[in-house]
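Trainee: Sequence:
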Amino acid sequence: MPRSICVINPNSSVDVTRGIDAALEPLRLAGGPPITSHTLHDAPAGIQTEADIVQVLPRLTAFIQANEANACAFVIACFSDPGLAVAREATSLPVLGIGESAMLTALTQGQRVGVIAIQPTSIARHWRTWGAMGITSRLAGERALGLDVAELQDTQRTWDRLLEIGGQLRDEDQANVLILGCAGMPQFQHSLSQILGVPVVEPSRAATGMALTAACLTS
Numbered sequence: 288m289p290r291s292i293c294v295i296n297p298n299s300s301v302d303v304t305r306g307i308d309a310a311l312e313p314l315r316l317a318g319g320p321p322i323t324s325h326t327l328h329d330a331p332a333g334i335q336t337e338a339d340i341v342q343v344l345p346r347l348t349a350f351i352q353a354n355e356a357n358a359c360a361f362v363i364a365c366f367s368d369p370g371l372a373v374a375r376e377a378t379s380l381p382v383l384g385i386g387e388s389a390m391l392t393a394l395t396q397g398q399r400v401g402v403i404a405i406q407p408t409s410i411a412r413h414w415r416t417w418g419a420m421g422i423t424s425r426l427a428g429e430r431a432l433g434l435d436v437a438e439l440q441d442t443q444r445t446w447d448r449l450l451e452i453g454g455q456l457r458d459e460d461q462a463n464v465l466i467l468g469c470a471g472m473p474q475f476q477h478s479l480s481q482i483l484g485v486p487v488v489e490p491s492r493a494a495t496g497m498a499l500t501a502a503c504l505t506s
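Counting from 288, one number per residue, gives the positions in the sequence shown under the working numbering.
For the record, the hints were derived by calculation from the structure and aren't laboratory data.
Predicted, not measured: the structure shown is a model, and the values here were computed from it.
Treat the hints with care, as some may be off.
As the list claims (entries may be wrong) - Ranges between beta-carbon positions, derived for each pair:
hint : residue 1 : residue 2 : range
1    : Ala349    : Gly454    : 37 to 45 Å
2    : Gln440    : Glu355    : 28 to 36 Å
3    : Ala332    : Gln398    : 31 to 39 Å
4    : Gln398    : Ala317    : 32 to 40 Å
By construction, the Cβ of each residue, glycine as well, lies at the ideal position given by its N, Cα and C atoms.
Given these sequences and hints, build the entire structure.
Mentor: Below is the structure:
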């Protein structure tokens with residue numbers, strides 16, 4: 288069997304994993320590596336605090352080490368990129384975080400990036416990442432939906448908030464490219480981009496696309 292790109296949902300929501308898996312279907316190319324999606328079933332229901340990140344670190348590392356022989360790359364499918372540095376120390380294979388990858392992708396599609404977070408408490412954590420990447424001058428702003436991972440399953444409520452917050456980032460913060468700041472919203476990417484008239488980056492697709500490139504170039 289060919290080695291696969293393992294996309295890891297580091298929370299225990301099977302619904303989120305199913306959504307990620309469906310979103311990645313266009314990247315499953317004939318002749319390319321398989322793309323598999325996995326749930327850390329004993330992890331928190333959502334990665335929304337630093338305590339959640341600490342809790343998931345050993346589970347994430349154990350998963351990577353257990354699956355390394357059958358993988359060609361790993362993707363950590365949580366926008367906070369929990370355990371990214373630790374995971375990269377645990378394997379010689381490429382490990383991509385969807386937050387970092389989404390931001391790098393957005394920087395190629397616009398000058399001022401707006402991020403749609405799900406919770407206000409996530410924003411400070413994300414800005415620490417942007418600061419470490421040295422890209423804060425390209426950030427138009429980050430605003431939160433005020434919804435948790437479970438509440439994202441209410442599609443009408445989530446859509447209404449995405450339109451509102453995305454519009455504020457575009458009109459008030461002058462963002463000309465947006466990022467969906469959670470792995471649980473891929474189904475809204477294209478419609479949001481069409482209605483708001485700006486590119487919208489879906490982070491799991493961005494990271495898996497980078498992992499696919501890395502795998503193909505090293506195979």
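Trainee: I want to verify a distance hint. Is the separation of the beta carbons of Ala349 and Gly454 within 37 to 45 Å?
Mentor: holds, 42 Å
Trainee: Return holds or violated for the Cβ distance of Ala332 and Gln398 against the range 31 to 39 Å.
Mentor: Check passed, 37 Å falls within 31 to 39 Å.
Trainee: Honestly, do Gln398 and Ala317 meet the 32 to 40 Å range at C-beta?
Mentor: At 36 Å between Cβs, range holds.
Trainee: Hint says 28 to 36 Å; check whether the CB-CB distance for Gln440 and Glu355 agrees.
Mentor: holds, 32 Å
Violated hints for the displayed structure: none, as all numbered hints are satisfied.
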